[in-house]
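Novice: Under this note's numbering, the first residue of the sequence shown carries the number 0, and numbering increases by one thereafter.
Among the hints, erroneous ones may be present.
Computed spacing ranges between beta-carbons, pair by pair [what the hints assert, rightly or not]:
#1 ASP541 <-> PRO645: 43 to 51 Å
#2 LYS662 <-> LEU208: 53 to 61 Å
#3 TRP759 <-> SER632: 41 to 49 Å
#4 GLU104 <-> GLY731: 53 to 61 Å
No more than 20 Å apart at the CA atoms, straight line, and that leaves these computed lysine-lysine pairs for PhoX-like [unchecked claim]:
#5 LYS782 <-> LYS758
#6 LYS417 <-> LYS396
#7 LYS511 <-> LYS431
#8 LYS336 <-> LYS64
#9 LYS687 <-> LYS646
#10 LYS596 <-> LYS646
#11 LYS501 <-> LYS438
#12 LYS429 <-> LYS336
#13 LYS640 <-> LYS596
#14 LYS178 <-> LYS122
#15 LYS566 <-> LYS395
#16 LYS501 <-> LYS405
#17 LYS405 <-> LYS511
#18 LYS396 <-> LYS429
#19 LYS417 <-> LYS518
#20 LYS758 <-> LYS456
#21 LYS336 <-> LYS395
#22 LYS431 <-> LYS417
#23 LYS417 <-> LYS395
#24 LYS395 <-> LYS456
#25 LYS456 <-> LYS662
#26 LYS687 <-> LYS662
#27 LYS587 <-> LYS646
#28 LYS196 <-> LYS178
#29 LYS417 <-> LYS640
#30 LYS511 <-> LYS396
#31 LYS587 <-> LYS511
#32 LYS438 <-> LYS396
By construction, these hints were calculated from the structure, which means they are not laboratory data. Note that the Cβ used here is the ideal one computed from N, Cα and C, for glycine as well.
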Amino acid sequence: MTFTKITSLCLKVSTLKKCITRRPLCLQRDFSVKSRHLSSSNVDKRALGSTERKQRTFSDRTQLKFARRLVVKLGSAVITREDGNGLALGRLASIIEQVAECHHEGRECIMVTSGAVAFGRQKLTQELLMSLSMRETLSPSDHTREDAGSILDPRAAAAVGQSELMSMYDAMFSQYNVKIAQVLVTKPDFYNEETRKNLFCTLSELISLNIVPIVNTNDAVSPPMYIHDDTVVPGTGKKGIGIKDNDSLSALLAAEIQSDLLIMMSDVDGIYNKPPWEDGARMMHTYTSKDRDLVQFGQKSKVGTGGMDSKVNAATWAMARGVSVVICNGMQEKAIKTIISGRKVGTFFTDSPTTSTTSVDVMAENARSGSRVLQQLSPAERASAIHSLADLLVEKKDLILEANSKDLEEATKGGLAKPLLDRLALSPGKLKTLSIGLKQIADSSYENVGRLLRKTKLAENLILRQVTVPIGVLLVIFESRPDSLPQVAALAMASANGLLLKGGKEAAYSNKALMDLVKEALQSVGAQDAISLVSTREEISDLLAMEKHIDLIIPRGSSDLVRSIQKQSQHIPVLGHAEGICHVYLDKDADPSKALKVIRDSKCDYPAACNAMETLLIHEDHLSGSLFTDICSMLKNEGVKINAGPKLSGHLTFGPPPARSMKHEYSALECCIEVVSDINEAVDHIHKFGSSHTDVIITENDNTAKTFLNSVDSACVFHNVSSRFADGFRFGLGAEVGISTARIHARGPVGVEGLLTTKWVLEGTDHTAAEFNEGKRQWLHEKLPIN
């Protein structure tokens with residue numbers, strides 16, 4: 000037997016096993032999704048639109064990955080091309096590929112499709128045009144090419160297009176070894192008890208046989224279905240859903256087969272609070288039944304029979320019966336897979352009580368308006384709010400520490416690494432230091448917003464000023480360290496910026512307790528909405544796509560986090576540093592006692608910090624003296640693991656193991672030592688392997704120090720001091736929102752000034768540009784004092 004025949008036989012046996020082990024849905028209806036059990040009575044015993052079963056919808060998008068049974072509805076606008084002539088084959092191919100992937104992942108998929116009329120109309124129009132052309136040649140008539148499509152009967156078009164549509168689906172799905180089946184339905188199918196029972200048993204049987212059913216209304220034999228919402232299903236006494244389009248049809252099918260998720264694909268991004276082309280329209284990423292009164296519906300779809308009103312009615316009906324629903328734009332690339340991955344695509348319908356009532360979009364809009372409230376306050380009022388927060392940190396330290404102890408307990412049980420546990424832990428001493436830093440921010444906030452930077456007299460009675468203003472709305476993402484929250488909040492208050500904070504789940508209790516104090520401090524000046532904690536399970540990738548609401552992202556955490564944020568954020572600028580590869584250069588003219596002191600502090604004071612020394616560069620003259628040995632002994636006594644650079648390894652017969660890379664951030668009691676021949680080689684090494692964070696020279700030679708300070712192009716460059724001084728509090732900024740190694744805007748520890756930008760204010764009388772072109776007015780461009 001050939002290999003091909005053996006493979007074919009194995010596939011047939013595998014398929015047969017699936018068919019045997021997977022019983023039809025109408026016989027067995029006990030399916031579990033993760034810890035979620037979906038069960039009910041037989042389909043034929045349940046009424047159309049029955050509310051006897053109440054399955055819980057998913058509470059948030061992150062759970063959608065557990066959806067096992069999936070209904071995908073393709074609207075006419077998704078199926079057809081923008082010009083209305085035929086099907087959008089490229090778009091359909093992408094959707095079919097995604098459904099096939101879901102199918103092969105083990106999900107049970109059903110498709111509800113439109114397109115038969117459009118497909119048939121395209122084919123018949125072409126034939127009719129040929130016929131009209133021949134008739135016009137033999138005998139002129141009143142019919143023209145323009146009205147050829149309009150005279151076609153939709154039922155005839157559906158009859159022709161249905162077989163063509165299924166042939167296309169079959170060809171596309173066969174590329175992925177997926178079998179499909181056509182299921183045509185009409186209005187009587189749902190009202191006749193026997194046909195209704197047969198319909199759902201057929202769907203169940205197809206699913207159990209690992210076949211994807213493709214459902215469509217049989218428009219060739221009946222007009223588009225319409226069942227009034229108040230119609231009572233015969234023999235049940237139950238009211239059914241109004242089936243007037245594929246939206247309501249898909250909702251009915253999803254509820255009847257107990258689908259976990261219904262994806263309704265249309266030509267709009269989701270549900271808006273009003274027609275998206277109107278001013279003030281806002282996308283609703285999450286929708287509950289309570290939001291119904293907030294939506295103003297516009298016109299119907301220009302392509303299909305349904306509109307937004309129809310979609311919302313269908314979605315809420317299915318949601319009330321335990322089906323989670325997402326309405327999305329079917330033209331978006333990889334929409335289905337993106338939704339299942341938990342990303343914020345389209346509008347997510349759920350009535351879970353755990354769903355947050357305040358969306359991140361609303362928080363961001365509130366932060367924008369809150370920022371404007373802060374701008375209108377006097378410097379003294381902004382300072383008073385920060386002083387209030389500083390005092391609350393001390394006054395309510397017991398509540399904060401109690402919350403922090405819960406985080407520490409859960410983090411310890413979860414096996415959080417010790418360096419992260421250290422960052423997570425709060426203490427009375429930390430809170431006191433925090434309070435002092437916040438008061439420094441408050442005292443320096445009088446010279447921030449509205450500060451005059453430049454004043455120019457452009458012409459007589461024409462004065463131009465450049466003044467500082469807040470950036471707008473900041474998104475700060477931080478890990479582990481809850482003490483970052485009040486620091487960043489105080490900096491936002493001082494700079495009058497709106498702020499969204501996204502902390503790590505390991506500090507959830509601490510962050511909530513601290514945010515309550517921030518809100519209390521803001522409330523004293525009427526700006527409580529300016530700062531919010533994003534405590535929902537929103538994916539960071541979704542926050543990074545909110546370019547309409549967020550002006551600057553500042554990540555604070557591991558290098559992996561920062562690099563991930565910088566990579567994902569395509570439209571919002573990111574301020575921060577991905578790595579902290581800090582160097583200390585030990586010059587030949589260094590003082591030994593100073594060297595030991597500075598090197599010890601740079602590496603051992605807080606090895607996990609981004610400003611800790613990672614590489615020690617030693618002038619080659621020290622290899623023959625005692626200082627090199629003393630430094631190595633000191634580091635070993637401190638528990639530091641030493642790695643040797645390539646040149647150091649070449650000087651030593653027996654020495655430390657070679658470093659894996661010269662461009663590595665250890666963030667632990669570990670470092671690399673390398674040897675250089677002079678100051679120039681040290682500078683070149685730093686530029687090649689450093690991260691432009693903080694670099695230090697230890698020397699008593701002022702000329703060498705000056706060369707180093709002028710040549711090294713890093714955010715912080717120090718002489719005879721520890722690298723650990725690269726910190727906002729130690730710089731006298733009160734605190735820092737982060738450390739930036741970027742080459743635009745702020746560099747190094749970023750305090751209040753780094754959160755400000757500028758605007759130009761021009762005041763005149765009746766000046767016009769034409770007057771200067773015509774010589775009626777003269778330019779002066781005279782610089783004026785800013786005091």
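Novice: Decide, hint by hint, whether the structure agrees.
Specialist: Hint check:
1. Checking the proposed 43 to 51 Å range against ASP541 and PRO645 shows it holds: the Cβ atoms sit about 44 Å from each other.
2. Roughly 56 Å separates the CB atoms of LYS662 and LEU208, a value that falls within the hinted 53 to 61 Å.
3. Remark: the range hint 41 to 49 Å for TRP759 to SER632 is contradicted by a beta-carbon distance near 60 Å.
4. Separated by about 56 Å at the C-beta atoms, GLU104 and GLY731 satisfy the suggested range of 53 to 61 Å.
5. For the hint linking LYS782 to LYS758, the alpha-carbon distance of about 17 Å falls within 20 Å, and the restraint holds.
6. Between LYS417 and LYS396 the alpha-carbon distance is near 23 Å, which puts this suggested pair outside the 20 Å criterion.
7. Taken as a hint, the LYS511 and LYS431 pair is honoured in the structure, with Cα atoms around 19 Å apart against an allowance of 20 Å.
8. Taken as a hint, the LYS336 and LYS64 pair is honoured in the structure, with Cα atoms around 9 Å apart against an allowance of 20 Å.
9. With a CA separation close to 15 Å, the supplied pair LYS687 and LYS646 stays within the 20 Å bound.
10. Distance restraint check for LYS596 and LYS646: the Cα-Cα separation of roughly 25 Å exceeds the 20 Å cut-off, and the hinted pair is therefore not satisfied.
11. Among the hinted pairs, LYS501 with LYS438 is inconsistent with the structure: their alpha-carbon atoms are about 24 Å apart, more than 20 Å.
12. This hinted pair does not check out: LYS429 and LYS336 have alpha carbons roughly 45 Å apart, beyond 20 Å.
13. Between the alpha carbons of LYS640 and LYS596 the distance comes to roughly 18 Å, so the proposed pair stays at or under 20 Å and holds.
14. The hinted pair formed by LYS178 and LYS122 fails the criterion: a straight-line CA distance of about 26 Å is larger than 20 Å.
15. Between the alpha carbons of LYS566 and LYS395 the distance comes to roughly 39 Å, so the proposed pair goes past 20 Å and is violated.
16. Our distance criterion of 20 Å between C-alpha atoms is met by LYS501 and LYS405, whose separation comes to about 19 Å.
17. With a CA separation close to 12 Å, the supplied pair LYS405 and LYS511 stays within the 20 Å bound.
18. Between LYS396 and LYS429, the direct Cα distance comes to roughly 10 Å. Compliance with the 20 Å bound is thereby established for this hinted pair.
19. Proposed proximity of LYS417 and LYS518 is contradicted: the alpha carbons are some 31 Å apart, above 20 Å.
20. The straight-line distance between the Cα atoms of LYS758 and LYS456 is roughly 17 Å, inside the 20 Å bound, and the hint therefore holds.
21. Distance hint between LYS336 and LYS395 is unfulfilled; the C-alpha atoms sit about 46 Å from each other, more than 20 Å.
22. Our distance criterion of 20 Å between C-alpha atoms is broken by LYS431 and LYS417, whose separation comes to about 23 Å.
23. Straight-line distance between C-alpha atoms of LYS417 and LYS395 comes to about 27 Å, which puts the hinted pair past the 20 Å bound.
24. Pair hint LYS395 plus LYS456 does not hold up; C-alpha atoms about 52 Å apart against a cutoff of 20 Å.
25. Proposed proximity of LYS456 and LYS662 is contradicted: the alpha carbons are some 51 Å apart, above 20 Å.
26. Note on LYS687 and LYS662: the hinted pairing holds, with a Cα-Cα distance of about 9 Å set against a maximum of 20 Å.
27. Distance restraint check for LYS587 and LYS646: the Cα-Cα separation of roughly 17 Å lies within the 20 Å cut-off, and the hinted pair is therefore satisfied.
28. As the CA atoms of LYS196 and LYS178 are separated by approximately 23 Å, the hinted pair breaks the 20 Å bound.
29. With a CA separation close to 17 Å, the supplied pair LYS417 and LYS640 stays within the 20 Å bound.
30. A distance of roughly 14 Å separates the Cα atoms of LYS511 and LYS396; the hinted pair therefore holds under the 20 Å criterion.
31. Distance hint between LYS587 and LYS511 is unfulfilled; the C-alpha atoms sit about 52 Å from each other, more than 20 Å.
32. Between LYS438 and LYS396 the alpha-carbon distance is near 17 Å, which keeps this suggested pair within the 20 Å criterion.
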